[in-house]
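Those protein sequence lines, which keep their order, are chains A and B. The first sequence begins at 0 in numbering that gives the first Met the number 0 and counts up one residue at a time. The second sequence begins at 0 in numbering that gives the first Met the number 0 and counts up one residue at a time.
You may find that some hints are simply not true.
[Stated by the list, open to error] Some chain B residues flagged as far from chain A (calculated, every beta-carbon gap over 10 Å):
1. Glu40
2. Ala92
3. Leu116
4. Val150
5. Leu153
[To be verified] Facing chain A, from chain B, some residues (calculated, C-beta under 8 Å):
6. Asp121
7. Ala125
8. Tyr126
9. Leu127
10. Asp129
11. Ala159
12. Arg160
13. Ala162
14. Val163
15. Arg164
16. Ser166
Hints listed in this document are in silico derivations from the structure and should not be mistaken for laboratory results. Using N, Cα and C, we set each Cβ at its ideal position, and we do this for glycine too.
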Amino acid sequence: MRRLALLAAAVIGAALAGEQKPEPPTVSFRAMDVSVDSGEAALAAYQVEVSYDAKKVKVVGVEGGQAEGFREAPYFDEAGKQGGRIVLGAFVADDKLAGKGAQRVARLHLQVEGAALPECSVKLVTAARPGGKRVKAAAEVKDSGAVGEKGN
Amino acid sequence: MSDQDQHPDLAELEALRTGEAAAETETHVRDCAECRALLEELGALGARVAAAAAPRAGLLPPEADRAVLAGIAGRAAQIRARRRPRLGWAAAAAAAAALLAAGLWAFARPASDGPRLGATADIVDAYLMDRALRAGRPAPKAWDLNRDGRVDRLDVEALARKAVRVSREGA
Chain A
0 MRRLALLAAA VIGAALAGEQ KPEPPTVSFR AMDVSVDSGE AALAAYQVEV
50 SYDAKKVKVV GVEGGQAEGF REAPYFDEAG KQGGRIVLGA FVADDKLAGK
100 GAQRVARLHL QVEGAALPEC SVKLVTAARP GGKRVKAAAE VKDSGAVGEK
150 GN
Chain B
0 MSDQDQHPDL AELEALRTGE AAAETETHVR DCAECRALLE ELGALGARVA
50 AAAAPRAGLL PPEADRAVLA GIAGRAAQIR ARRRPRLGWA AAAAAAAALL
100 AAGLWAFARP ASDGPRLGAT ADIVDAYLMD RALRAGRPAP KAWDLNRDGR
150 VDRLDVEALA RKAVRVSREG A
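From just these sequences and the hints, can you work out the full model?
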């Protein structure tokens with residue numbers, strides 16, 4: 000009888016332990032492209048502010064864009080990688096490299112908790128043409144796909 | 000364009016130098032060696048004016064005045080020689096006046112020409128500093144942001160990093 004009780008306790012304990020074991024969180028890595036469209040004006044410098052959900056998203060990498068003048072990684076603050084807001088800024092090393100129209104100027108690599116697409120928004124702080132005159136421009140941030148997944 | 004053969008005038012070249020010219024002016028100058036040479040000379044003259052004016056913002060010092068006048072005299076003579084078949088004395092005088100206006104205008108706008116270094120500085124200010132250094136323009140001591148005794152690329156980076164700091168208000 001005593002043996003039976005011990006066996007039952009062991010089985011119940013094992014079952015409880017199994018229930019309490021937490022599910023490993025799903026973590027995915029995504030790349031977000033930041034674009035600036037300066038229309039007919041050549042873009043020599045830009046500064047944007049990207050906001051994201053700090054509870055679910057971490058910026059794990061910042062790299063330059065595809066546009067010839069902005070291939071180098073933009074300036075940013077390391078503190079912006081985790082706080083929900085990161086400011087990116089860059090300028091061309093030579094005015095001849097300033098391009099017109101919509102250009103991908105940077106890419107953010109994000110670590111995202113959960114499988115859902117991260118919500119990010121971008122606000123243009125400033126943009127200028129060669130010579131430094133401020134120009135109107137529009138900024139956009141767009142998911143460019145999952146890079147990898149961990150967990151589950 | 001104001002010339003018969005579509006060469007931009009000096010005011011338009013000055014606008015191009017400061018990044019405010021029309022796209023057609025930019026296109027023309029890109030393909031016209033003569034205008035490119037004139038633009039370079041105009042840039043050098045602008046730098047001389049800025050250098051002479053740097054010590055006293057707001058008032059035109061005599062040396063700046065002399066630099067502008069010397070530049071005008073030299074350029075007017077060259078323009079007359081180059082475009083004699085089409086440009087008379089009146090046109091050369093108009094060109095000289097345009098150059099004078101451009102020089103004075105360039106001198107009288109320090110706020111938009113130089114970078115801001117304070118709390119409101121953004122990436123465009125870092126760009127302006129970088130551009131001025133690349134052009135070899137004289138750099139004020141105030142630009143030595145990292146206080147290493149010289150104004151160079153490191154100061155540009157310091158200003159750029161300050162511009163993107165997330166702790167800044169309103170960044």
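Cross-check of the supplied hints:
Its beta-carbon lying about 18 Å from the closest one in chain A, Glu40/B satisfies the requirement of being farther than 10 Å from that chain. Listed as a non-interface residue, Ala92/B keeps its Cβ farther than 10 Å from every Cβ of chain A; the least gap is roughly 28 Å. For Leu116/B, the non-interface assignment is confirmed: its Cβ lies about 14 Å from the closest Cβ of chain A, beyond the 10 Å cut-off. Once the 10 Å rule is applied to beta carbons, Val150/B is consistent with being away from chain A; the minimum gap is 17 Å.
Interface exclusion of Leu153/B from chain A stands, the closest Cβ pair being 13 Å apart, more than 10 Å. Look at Asp121/B: its Cβ gets to within about 5 Å of chain A, closer than 8 Å, so that hint holds up. Because the closest C-beta pair between Ala125/B and chain A is about 7 Å apart, less than 8 Å, the hint holds. Hint status for Tyr126/B: holds, given a least beta-carbon distance of 4 Å to chain A, under 8 Å.
A least Cβ separation of about 5 Å between Leu127/B and chain A falls short of the 8 Å threshold, and the interface hint therefore holds. A cut of 8 Å between beta carbons decides the hint on Asp129/B: the least distance to chain A is about 7 Å, and the hint holds. Checking Ala159/B against chain A: minimum C-beta separation of about 4 Å stays under 8 Å; hint holds. The interface hint given for Arg160/B holds, since its Cβ lies 6 Å from the closest Cβ of chain A, which is under the 8 Å cut-off.
The beta carbon of Ala162/B is positioned within 8 Å of a beta carbon in chain A (closest approach about 5 Å), and the interface hint is therefore held. For the restraint placing Val163/B at the interface with chain A, the shortest Cβ-Cβ distance is roughly 4 Å, inside the 8 Å limit, so the hint holds. Using the Cβ-Cβ criterion of 8 Å, the hint placing Arg164/B at the interface with chain A is satisfied: the shortest such distance is roughly 5 Å. Interface hint at Ser166/B: satisfied, since its Cβ lies 7 Å from the closest Cβ of chain A, which is below the 8 Å cut-off.
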